[in-house]
Structures are given as C-alpha cells and as structure tokens.
Amino acid sequence: MASEQQLSAIKGAKVLMVGAGGIGCELLKTLALSGFRDIHIIDMDTIEVSNLNRQFLFRQSHVGQSKAKVARDAVLRFRPHISITPYHANVKDSDFNVEFFKQFNVVLNGLDNLDARRHVNRLCLAGNVPLIESGTTGFLGQVTVHIKGKTECYECQPKPAPKSYPVCTITSTPSKFIHCIVWAKDLLFAKLFGDRNQANDLNVRSSDAANSSEQAEDVFEHRNNEDIEQYGRRIYDHVFGYNIEVALSNEETWKNRNKPKPIYSRDVLPAELNQQNGNAENKLVTDDPSSVSAMASLGLKNPQDIWSVTENSRIFLEALKLFYEKREKEIGNLTFDKDDQLAVEFVTAAANIRAASFGIPLHSLFEAKGIAGNIVHAVATTNAIIAGLIVIEAIKVLQNGTNNYRMTYCLEHPSKKMLLMPVEPFEPNKSCYVCSETPLLLEVNTHHSKLRDFVEKIVKAKLGMSFPLIMHGSSLLYEVGDDLDESMVANYAANLEKVLSELPSPVTNGTILTVEDLQQEFSCNINVKHREEFDEEKEPDGMVLSGWTQPPEKAKDIDVSIDNGNGVSTLKASQAVSVEAEEIDNIEVMSTETAAKKRKISDMSESSEISNRKVEDVDDDGDEIVMLDDDSADCIKKRRVH
Amino acid sequence: MDGEELTEQETALYDRQIRVWGADAQRRLSKSHVLVSGLKGTVAEFCKNIVLAGVGSLTLIDDRPVTEDALTANFLIPPDENLYSGKTLADICCDSLKEFNPMVRVSVEKGDFSNFDGDFFEKFDVVVVSCCSLTAKKTINEKCRKLSKRVAFYTVDCRDSCGELFVDLKNYTYSKKKLDETIECQIQYPSFEEAIAVPWKSLPRRMSKLYFAMRVIERFEEAEGHTPGQTSIEDLPKILKLRKEVCEAQSVNESLIPDSLLERLVAGTSEFPPVCAIIGGILGQEVIKAISGKGDPLKNFFLFDAVDGKGVIEDISNPNNGS
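Note that the protein sequences, when read in sequence, are chains A and B. By the count of our numbering, the first sequence reaches residue 642 at its end, each step adding exactly one. By the count of our numbering, the second sequence reaches residue 323 at its end, each step adding exactly one.
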C-alpha cells in the first residue's frame, strides 16, 4: 500500500508513457490502479491480431485502430475520472520537443526499438526529466532508471551492435538458415517483386564470373506472354541450379567448405505439378489479395510443418504464380512484410530450397516467418511483472528525496535464488558522448570520404541523429530543415558530394566538427584524424568512430545483464532490423567496438532479441536479420581487386 | 497429448507466445482447467494472464459481494454501483475476464469450496487459493494431493507491498533439453502443511524474513478466526506477542522478524497494485509451466518485497521427507 506521502506525490504527478503495446497496456492499467491521474501516452501503431495475446486492453473488434486511443478508452472504463491523453503519433515527431517533455515529472518508455529509445533519452536529458526504461523478450525483462547527473543515461553503456554478415556469405557461402532467409528476402524477393531499379547482389559471386550483368537482368524479367509456370521454373533453375553450378566452378571457394548441390525443378517436380495446381477445389474463391495463399492452394495447412524440398518447391512456384495472377499490380513495388502471407510463403520456400542445396536444415514457415519478420516472442506475464516494477520505480522518482532507485532484472532462471534481481544503478559514464559531452574521434580518409558518407554512416547511423546540423567552427557544412531557402539547400546538396578535405571549410586532420540535432537538443564534438588505409573487411565504411569507453565494472551482484530493443544503426526506418541473439544465462552488454563489425544493418520499427527458448533445437544465430546496404556492391568491387 | 492441431484462429492469436513455449505447450494449455478462489487484485491479475494464455477453462469462486474496497486494486470491476451491486466478486470478474479471450470458458462456482469433495477438485488441473484461512488452505491442499491425478496447487497472498506464493506439484516429472540431450527431471514437493512445519532453525540464515512474518500473521488470523481482510494495525500488539511465542517455540531470535515488517504487513489492508501485477505475473508463469510441462517450476515459495525489490525463491522442504 502506498504511504500518504507517496499517494500525494502520485496524485499530483504528470506522467508520459511512450508506447501502448505489450508493456504499455500493463503499465497504463497499473498506473491507473495505483492512483495516477494525469497520464499522456504516445504510440504510432495500430492494433493487430497478434497483439491480442498480451495487449489485453484491445479486442478483436479494435484491430486497425490506434493503440493509444483504445488503451485510453479501456482504462477509463475502470477509472473513469482520471485524465489520459493519447497521441497517435511517432514520438520522433517535432511536436514532441524538449518543451513538451519538460511538462512531465517522469517519462516511462515501453518501446521496442533502439532508435526511439535513444531519441527519448536525449530529450529527457535535455529537459532534465527522469526516464524509466524497460524491455521484455519472452520471459526476460528489465527496468532501468535514468536521472541526469545521478545515474547513467540510456546511452552510457553502448548497446551491442547487431550481427551482420559479409555479403559473400549471403550470396555465395551460406552456412546457416538465417543466411538463406536474408538471401531469399533481401535479394530474391526484392529482385522479383521489388523495385527493379535497386541495385541487387543476387548474381554477385565470390569470383569474377564471366556472366555480364546484362544477361543477369534478362533472367529475372518476366517476358511478355511467358507462361507463369515456365517463368517460375526458369527462375528456380537459374537461382538454385545454374547459379550454384557457376559458384561450384570456383574451386577456391570450396576448398574448406562443403560444396552445395545444384537443384533443378525438373528433378524435384516432374511436370505433373500442373495438374495439381489446376485443381479448382484448392483455389481460393475470393480474389481478395490479402487472403491469397500458396499453402491454401496446395492444401498445406500447418505452418509448423517442415516441408520437404518437393513441397517447398511447389510452394515456391505456386507463390510466384499467385503473385502474378492475383497481385500483378503490386509487382515492382513490394517490400517484404511479415504479415503478407504470400510473401512469407515465398521467402520460406526459397530459403528452404537454398538451405537444402547447402546442406543446411530446413525450417517451418512459422520459424522462417519469425526470422524473416524479426518477430519478438512475447507473453503477457513478463510485461505485467515489468509494469509493476516500473511503477514502483516511478513512485520513487516522484518522491525526489529518495535515492533508492534500482535497476531490476526479471530472469527466466533464478540467479542466487532470485527471479527478480535488483541492482544499484551506475553513475553516469564520464566518457559518454551523449550525457557527458565527451568528444569523439573519427578516423577517416579526408581525401576519399565524402560528407554524404559522414552524414549517413556516422551522424545518422552511429550517433542516432535524425535531423543533423554539422558545423566546422562557425561554418555550417550541412543541415536539414523545412525552412531553408533554395540556395542553402543547393549548397548543402553540393557539399554532400564533396570529399571532406575539399569542403568550403576544409575538414582535415585535427579538425573539430560539431554535430547537433536540434530536436533532440543534443550536441557532440568530433575530432577528425586523417588515416590513409582502411581494412575492407573490418572497416568497410572507411571510417572509424571511437572514443567512448565502457564504464568501469561497478556492478556488484550482476550475473546477467539484458537489454531489449537493441535495434541498430538508424539508417532506414523501413528496413529490417538486426538482432543480437544471446544465451539466456550469460548475457553481456557488449560495446560497439568489441562487437563484430562487418556489414551494415538498418533499423526498423521493431527490434528484438530472441533467446534460446524452444526445447527443440534452435539455431542461436538464426534469429539475426541483416539488411544488405546499398553499398555492398561497391564493397564487392573493392574486394575483387585482389 | 496432441492429436488436434491448433486452429487457424488460435495460431494467429497465440503466435507470439507459441514462439516462447511452442505449439505443443499451447495445445496443452487449451485443454487445461483452472480453479481460482479469492478474487482480490493479485488473483485478478493472475486470471487475466491465464485467460490470455488460452487455458481451456477458468472457474472462479468468491461469493463475497462487491464493495468499493474491492475496486482499489482490481481492474476487472467496473466502478459503477448499478453494475456491480447485488453481484458477487466472482460474478463480476467472470464477465470481464470473458472479454479477454473468447476461446476460454470462464464460469462461477458458488459455495464454500473447502467443503467440496475430491470429485470436485478432480475436474481441474490447477487450483489457486487466496484470501482464505490456514485451515482451508491445508484442507484443499490435502484434497488435491489425495487425487491420483496431479492437480497443481498454489496459494497466493499479498499484503502491503509484499507478496508470497506457494507451489505444490506433488511429484512432478518433466523433461528438458540440456545441450543436445533430453533429460528427465523429477521434483518432489511437500504439502503446504509439511512445508510450514519445517523447523525454522533448519532454514538458511539468509532467508527471506517475509516468510516468517507471513507465518506469524497467518497463525494470528487462524487463532482469532479473522479473515485476511479483518486484521489491522490495532492487532499489532497481539501479533508482536505471538511473534515472541512462536520464535521461542522455534528456538530462534525474535529479531528474525523485524517490527517494522510486521507493522507494514498488518497496516497495509489494501493491496499495492504494482505488487499485484508482479505476483500475478509470476504466478501466471508458474501455472503455465506446470500445465505445459515446460520450464523449471519454482520450488516452493516465492517471496517479494517492494522495499528491497528482490523476488526470491525459497525451498522450504524437509530433506528427510525426500522432498
């Protein structure tokens, strides 16, 4: 029971919740029951069926509606006289500036991606508003408290970089199922159904093949009047047969690796397939694009089944056919969406056939969907526990005087008899570039790297700034904004294409750049150091940012330390996210420097960590997704020089 | 156990949790029957969790009328007297719980269930009791244990900002995968009566004090014939006296149970909603584990105190009993 003092602090508090999903629903309910009377809640999402197993404020009839609004309505039903203000919006919107944040006594995050968390962290620091962070995945969860000057900020401990894979692993030498998924989703699916103008590594091989890229283009193009069945088999044979044969021709690659087997449709599926597909009973009555399904068409009902190569091949061809027959208009514009049944079927089938070729175990559609869609596994109970812990900390925060804040970890397996483990928060990291204004160091070849590279790969991706402003002394090199006049916009556009040393205010060895994001009210200095050479494999960006060090080990009883929502670099909001799969019992927060740096990953609106939870054997790394970035082609070219 | 596949509706709804515990476990959940009594805040939380998880059925027992007091930590009760007057706690919670998952059968059972016979309890796979006397706990526990079928038995009680869970799975065997092999595990649980009979002296010194404090209050309420809600700060002097007696009988120092702790537990007549969520969540997880046969169940007490923030598992069983 809350004490008198606590109750009065609660009654007068104005609280902001960011996120009305799994944690959000539980949190809003508990806040309301605990006596909070003025709650604001931001969430940009709408309700989906898969939310209903845990986001209990929502009903089937609410699917498609705003989470923030429905959550509010549901809670008002048992606490009609409190004030809940919903915002169906993205917390990164400029409306939610520092002034907005300053009106709250405490901010409670129930987010699922790193990008938004960093953003909120910076605004809370700028506004000096206490922030309580949290995250859950399956049975694991944690709550952390961040108070400027007193504790670490959310970014004091660099979050682990997501796992990424060298392009060659994806295109030529996959060894895990996840590699096949990435290939199927980001290469094949993208090539066949996505933007034709996008560069695509599909035919890139580890050796310089004789095939010219023009020939490759022809292969994937659906020719006029070409029978879809024919087209499907042609694609099938090309990617699973021909491409493999070509790869095999390079002996070097396979010296120490198992050789893949080419697979041709004629061997797997004799012509009788046509008859099966012609079975009218299996065809769907409706032309509703969202219900089109190869599984339904072929009578494969159970998404948990692991299909044979033959079945996968049937699905592959049937899915391709259905895209052309029922969803032709979308072809050329499609991006993979985990809720697009046909896309999931296609990617599953393609990944499985490739896996079969390379001797990698096949997976069910259910599993493949989870990997390809970066699905976070989630249950109501963990969210409820975490919500309770958040409110306990929030009440402490409101009572300014008490400095007994805690971080609490919710464990799946007890550690020292504890399922709920409290830990003292750490002091701010003195070399945190976010809250301690420590300058960073950038090693770069100032004659080769352009300002554009710096902006995209460092400022946006690594530093998490969305609308940056870059200054060299008093000279503005670049900025983003709505109210810039044309000449300035042109000036900045020109600057982007210049190499650093040739900018109007040249950036060379010893230069100090100031980078700011006005909305986040976050500013940071970067010392530039010129370096000639960069390792193509380890430093593919040709730039290395460093300078913030891991805080010294202060933890007393920590055996495990978890963090959820470890999205990664903040490149593109629309692309898939990377996930660090970690063992349940021994999870460590890794610094971005120690994490393997290979290729880049991009961020999506969801990110997750999927742990080893199934009793069945689960490929640890199988839960990581990688987006190949656009520059991968360039990197390949560089490597070919050897 | 299997046979029927999950329906398409179930697969879509339960997708995220199937990814946690698998389709088999989900199937088992959908065939399980849970009995719950004592619908205060924590149990309301538990019910929400178990309904969302997709059990086959949930039966509620609580004939107490809805009062304004009940509203404080129970979000299943609409605060409209017109709606709740004349109804029992079970009735009103039943209506709300049904909404969370139309695939779960939620119903009400009336009467003093500590008088029901074994046949009644045999219908269930899980029995959760709360807000009842020590005698009732023991009685129901025994009835469950007597059945040849394994009926998982739990008690849950939250006072002030503390919570205690007790688990009795009788003889529990389950398999789990360690590295590449599947190993069979077996755990023997003592009954509630056996557990609380374990001499305090034999328990580890660093144990959660909350356990002892709860036992004293439990004893007090039993002796006075109080229902859990009836004890208040006025009873503190008597309780402190009882503490002295009990500690002497157990040959332990009275300082084992701090005054302040007892005072908190006795003064806090309403539950603290964050603790309800936490305990209701832990209990939910345990019940799901027991039904699905997946995951290490806790043995056999779980104790939480918001003041130190530790959620601790204490194994209170007598090694001599083979438990």
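Calculated from the structure, these hints are not laboratory results. Hints are not guaranteed to be accurate.
[As the list claims (entries may be wrong)] Quick list of in silico lysine-lysine cross-link-like pairs, DSSO-like style, CA-CA up to 27 angstroms:
hint : chain 1 : residue 1 : chain 2 : residue 2
1    : A       : Lys176    : B       : Lys138
2    : B       : Lys170    : B       : Lys138
3    : A       : Lys176    : A       : Lys11
4    : A       : Lys417    : B       : Lys177
5    : A       : Lys417    : A       : Lys460
6    : A       : Lys416    : B       : Lys149
7    : B       : Lys176    : A       : Lys417
8    : B       : Lys149    : B       : Lys138
9    : A       : Lys148    : B       : Lys178
Hints and how they fare:
1. A:Lys176 x B:Lys138: Distance ~54 angstroms between Lys176 (chain A) and Lys138 (chain B) Cα, so the pair is violated.
2. B:Lys170 x B:Lys138: holds, 14 angstroms
3. A:Lys176 x A:Lys11: violated, 54 angstroms
4. A:Lys417 x B:Lys177: holds, 21 angstroms
5. A:Lys417 x A:Lys460: Violated. Lys417 (chain A) to Lys460 (chain A) sits at ~43 angstroms, over the 27 angstroms cutoff.
6. A:Lys416 x B:Lys149: violated, 33 angstroms
7. B:Lys176 x A:Lys417: Holds, because 20 angstroms separates the two Cα atoms, which is no more than 27 angstroms.
8. B:Lys149 x B:Lys138: Given pair Lys149 (chain B), Lys138 (chain B) holds - Cα atoms ~18 angstroms apart, limit 27 angstroms.
9. A:Lys148 x B:Lys178: violated, 43 angstroms
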